[in-house]
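4 protein chains.
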Amino acid sequence: MNPDPEKTGLFLVGVRGAVGTTVLHGIEAIRSGMPTVGMVTGGAEFAEVPLADVERFWVTGWDVTGNAHRSAEDLVRTNVLPADLVELSAGLRDRLEMSIAPGVPEPEDERMVDRASADRLQLSANEMVDAIRGDIRDWMQADRTRKAVVVYLASAERERSLPEVWMDPQADVLALLNDAPLDISRSILYAIAAIAEGVPFVNFTPAPGAAIPAVAAYARKQGVPVLGNDGKTGETLMKTALAPMFRDRRFNVMAWEGYNMLGNKDGAALEDPKRAASKLANKDKVLGSILHESPGLHSGVRIDFVPSLHDWKTAMDFVHFEGFLGAKMQLQFTWHGSDSALAAPLILDLARIALLAQARGEGGVVHAAAAFFKNPLEFEEHDFHRQMDLLRKWMRSGA
Amino acid sequence: MNPDPEKTGLFLVGVRGAVGTTVLHGIEAIRSGMPTVGMVTGGAEFAEVPLADVERFWVTGWDVTGNAHRSAEDLVRTNVLPADLVELSAGLRDRLEMSIAPGVPEPEDERMVDRASADRLQLSANEMVDAIRGDIRDWMQADRTRKAVVVYLASAERERSLPEVWMDPQADVLALLNDAPLDISRSILYAIAAIAEGVPFVNFTPAPGAAIPAVAAYARKQGVPVLGNDGKTGETLMKTALAPMFRDRRFNVMAWEGYNMLGNKDGAALEDPKRAASKLANKDKVLGSILHESPGLHSGVRIDFVPSLHDWKTAMDFVHFEGFLGAKMQLQFTWHGSDSALAAPLILDLARIALLAQARGEGGVVHAAAAFFKNPLEFEEHDFHRQMDLLRKWMRSGA
Amino acid sequence: MNPDPEKTGLFLVGVRGAVGTTVLHGIEAIRSGMPTVGMVTGGAEFAEVPLADVERFWVTGWDVTGNAHRSAEDLVRTNVLPADLVELSAGLRDRLEMSIAPGVPEPEDERMVDRASADRLQLSANEMVDAIRGDIRDWMQADRTRKAVVVYLASAERERSLPEVWMDPQADVLALLNDAPLDISRSILYAIAAIAEGVPFVNFTPAPGAAIPAVAAYARKQGVPVLGNDGKTGETLMKTALAPMFRDRRFNVMAWEGYNMLGNKDGAALEDPKRAASKLANKDKVLGSILHESPGLHSGVRIDFVPSLHDWKTAMDFVHFEGFLGAKMQLQFTWHGSDSALAAPLILDLARIALLAQARGEGGVVHAAAAFFKNPLEFEEHDFHRQMDLLRKWMRSGA
Amino acid sequence: MNPDPEKTGLFLVGVRGAVGTTVLHGIEAIRSGMPTVGMVTGGAEFAEVPLADVERFWVTGWDVTGNAHRSAEDLVRTNVLPADLVELSAGLRDRLEMSIAPGVPEPEDERMVDRASADRLQLSANEMVDAIRGDIRDWMQADRTRKAVVVYLASAERERSLPEVWMDPQADVLALLNDAPLDISRSILYAIAAIAEGVPFVNFTPAPGAAIPAVAAYARKQGVPVLGNDGKTGETLMKTALAPMFRDRRFNVMAWEGYNMLGNKDGAALEDPKRAASKLANKDKVLGSILHESPGLHSGVRIDFVPSLHDWKTAMDFVHFEGFLGAKMQLQFTWHGSDSALAAPLILDLARIALLAQARGEGGVVHAAAAFFKNPLEFEEHDFHRQMDLLRKWMRSGA
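Protein chains in written order, with this note's numbering: chain A, 82 to 480; chain B, 82 to 480; chain C, 82 to 480; chain D, 82 to 480.
Note that these hints are calculated values from the structure, not bench results.
Please note: incorrect hints may appear among the correct ones.
[Unchecked claim] Cross-link-like lysine-lysine pairs, in silico, DSS-like; alpha carbons within 25 Å at most:
1. B/K474 <-> A/K474
2. C/K474 <-> D/K474
3. D/K355 <-> D/K366
4. D/K355 <-> A/K355
5. C/K355 <-> C/K366
With these hints in hand, go ahead and build the complete structure from the sequences.
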């Protein structure tokens, strides 16, 4: 039997996590006719754009621990996944479990991961990349898949330093790996492996990934699209949608304080201030960029772990602004959404955008995807509406 | 002494109201160096556009009752105008009081207005327009003013019907006036008078004004700019800034309920459901227009009079939306702002835009001003960001 | 086999509604060991009080339409009832369906009810009461139940007038029934029937029930406890818990505006202003009673039907208050809860309280239950904390 | 001329601060007929209690820096004090400035205080107390005042340790002073000095003051009332008013997260985590105490400095709770009030309560004042309503 030439692999780093599980079941739901609510590229305005068919995506990936069935049940209990969908997809999860590869854990997590993943900690950085490349090749051969995307969904990691030479776009990343620090961000390893295999790489977390100049340059050279960083799904989305109005009406925004409550694994990881640092920085800087005419702006962001929220996240923001003749006004908002249901459709969008860029021969950073990220790679405009204008123009540009 | 050729009259209908009083004092504050916070056209990006100099605006207008000093004191008490500014501007208000003309009241308000305004109720529609034209000419002569703008700021009025012939752009408005109904909206009379005198007309209220096809056509024929309707200053501004994000992310917005509390004269007028009808319609329809892909949208708007708020208005909105796989999410916001401090700088913007259009020889509706209005004349796009794009393009188009 | 002497009937008017369905499943859940969260009388402080055993309650009642299975499924979909509990309780619902009696519908609803209920509209008021009494007797005999409580849970009804003579505590209600108006509130008929059968009557809706002096007097005479009116489950609970703080700190509350959004059948019924009137009156008057030292208080209550909320209700309240030296401050709150999950445990509480009163020989209105109602019968104190003090004292008084 | 026997000194530690300034002007406003809004003891229910006459209070005290005029102007600008009241009270502030004594600063603040206060840092602890006692005697003699209260209003201080012997109620505090650590909390010194002079001591801050067992015992022995700690004016007031409802309705409160934003000096001091620690602890523990039946309660409190708020404080709280059958519900509130306008009337209440206790011969901790404090001395009940019941009973107990 001939392979389906349109079959496309979605290789997720952290595939058993809540977002990965929602992606897996979401594709299945779309196959059975559920509408693509929340998927940007599913809109009528992009009907003519030659985007990959979501129904032909198949999901596998890496993980260091967990179980796909338990993840799905957790998401039923917290009202994210419909119970009947999860029930009907047991076989799908069984097949997933059989294809999952061990992940490359962080050194400090050694004791919390499964044996096969812990074993990968014994490898050198070069060997780690080779192992990841091997997984990619195995999956593509086994399923006769010609196209694939790697999406990085691991938990927030603590910030770490990288030798200065990585900041040099001229540097040869493969050579640099020989002297890479032991705790090098796993996002970099997965990025390099994907690029080396000619597979686009999407980084949906605050980890560096292709933000490292040497990595981005490698992607450009290899002609492989890279997209990131840090998915914009909730409070930051609201900020970048609302702040332009304050700018355009020339209000003087004196303070914008954001309080985030999360109940999932990501929330637990962010309890560690070292892990929260990059995310907080990403969430905070969008305001200064858009509201540059409010020079006294006091902006604060906090993230707290509130276990009872499970997959839900609640953000409460307070905006204190000055209008004409110094009148002091306020805006306050509360956003309450499911982390996974917000993120999952964007993963599908980003995979389609990555594949379209690849089909168009565009290697390196895909700037047109900026609207999806808190910290878009090589891109300074955070105004969501301008980012969407760019996306729309790019999507139609191939026509 | 030669007249200042740049001196520009700002003739406000309802000049003693809270917004008029804030405009009057705001210009004075800007003259003394206060920043133009809240004024869209005051931004650096428009520095090269040949806009009228706000410091050369002088304010007078019509009113049917009230006292400028008392209005100013009320606005100090409710923390909108700075006490020292009001103290220093007593002479300005004295001069204003001497120049104010009687207004044309609504028939039902006869007993609540001052004698001179009540007298104008004895006039026919034609004579009313002549009286208004006379006021305009008198002011321009007395102050040797070559340029002026009329801005309609009267309280919300009840909806009323107009003979069908007014909907015909071919009709001759001046002839139509002969058979005009007794209770014809005063906004139409002021609009016709301004156009007849070659003075641009801005309608900041939900009244019809230049929305009547025969009136808009007259403006086009005379080459006089007309702008309106119904200033977008608070909850509706938020809606048109936020709804595009829901549309672009393809959320299914199931409900958007808006609750508005107002404490000023406008709030009191809107207690009368007949007067509230146009405003509610304007506030409500923006959502359906932007969120046309959320076909089941349940949208509600209420306006309540809460006297203790005085000039402040509080809006509480609840947005219920569906994301991926049917996950139900919520957004809630509370906006608390001063009605007058929100509106006044926009009056200055609109006057400048009207004058620029006139200088460029553009008569009829100025579509580029859509971003300022809940119900923009001859314009269907309510997305605030797209409206701002249009404004930016138009502002720079003369360069 | 001997009957269980502790077996207690819970006869619900509107037994197939969302609250009734939650009561039915709730008892089952408690039997299987689920904690009694939300049940006031389940607390350790009342462990010594000889309250009826909830696990021995059995549920049946009247309804005019609907199906118990569909109601349960709806409550699963909207995240109120756990899916597995509903699945396991199918037999319970089958038995319920077999025992349900036709209800006495309102004349205007004739076309929306099932045949057997519509037939009851042909009866005179006296015959209606007899039919209800027959149902009660049948249930008690069939199940050899010695004790029971009737709880009125019908949808909000429009206000209607009753001949003045009903306001006379001396009047003989059974005689009055002969001339009762055709559209007499069904709550009165059910109340009289229950009292006549010596079964306590709890009215959880805004309908009059035992608030009619002749009915209350009849209960007293017969020595049967009656409790009501209008369960206090959400926004009004918040108001009566919070307003005492404003009173005690002597803030001057200038405005308290409450906006309620409901998505269930009750919400749909309340779209009809005639049906909403009693509920709005009950919700509004609690504030004036507690905040009698804030004489200028402007209080408003609105209820809107927002279908997407289903069983959930969201209340957004805005409180504008004045502190020392006239400083104007604000409190705003949003309450988001499940109507049925809030109401159902209180039904169990009220049944236990009614039975305890009966065991203690207390007939007529049980004032100690005031904390459960928006409009407590024969009781003027709305301060929730004082009401709870009274309940505590009464509960322990028999010791 | 004979002295007024009812004249009462109000000696404030931090008299030039925002709260002190509001107390000073508030008394003046009451003298001129302004209502006592926000003053608990001003209510009709206490009309028969022989409380001190607020109009006969006169204010002076200690401060380490600042200027009373500038403080008053700041409070006008931020809309707390009425401009005309401040204008009319210039003479009052002049007299205050002449009577103010230097304060005892904290060692770490040496460079930020005025010369006379810095000089007091050279004194031993014993000499510091003597200096404070001298100030009290001087004021009482100069103004022939027979009665007075000392109120501690200094900024939040960092937590520090005290030798274990201070925890012994048998210890002699005057002797302990000889070996007191250099950085002993100034609240202890002022408390000891006040007690030694027979003047009641009120501690409105999170500092220890009379919470130290040896100090409380000294007050008991000397028969001097002491009241504290940490005024309950905003978010914590809300918590202790609302949490009892959650307890009484037996909701399972899973999370209660409180976010506080402050703009005044207190907010700036609390930016230092060491200074914030006691306040956070006080704010947090009230919930665990009231909600002891919600064992999994996750409660968080944060305080952020938001300079643009000036004297205003905004608290946003999120309450996540579980109802019947596990239904997850939410309450969210936002409190926006003026710190000084909330605190000042309570200072007057506490002074009156302290004086009443003294008149009744009650020395030591006045438990009846618990309702005013976040961390009431020797008192475990945090339920605001129960605290108010106690206050009411105590107030009337002398009748």
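Each hint tested on the structure:
1. In summary, the hint linking B/K474 to A/K474 is supported, as the alpha carbons are separated by about 18 Å, within the 25 Å threshold.
2. Distance restraint check for C/K474 and D/K474: the Cα-Cα separation of roughly 17 Å lies within the 25 Å cut-off, and the hinted pair is therefore satisfied.
3. At roughly 18 Å between alpha-carbon atoms, D/K355 and D/K366 fall within 25 Å of each other, so this suggested pair holds.
4. For the hint pairing D/K355 with A/K355, the CA-to-CA distance comes to about 21 Å; that is within 25 Å, so the pair holds.
5. For the proposed pair C/K355 and C/K366, the alpha carbon gap of about 18 Å is at most 25 Å, so the pair holds.
Going down the numbered hints, you'll see the structure goes against none, and every one checks out.
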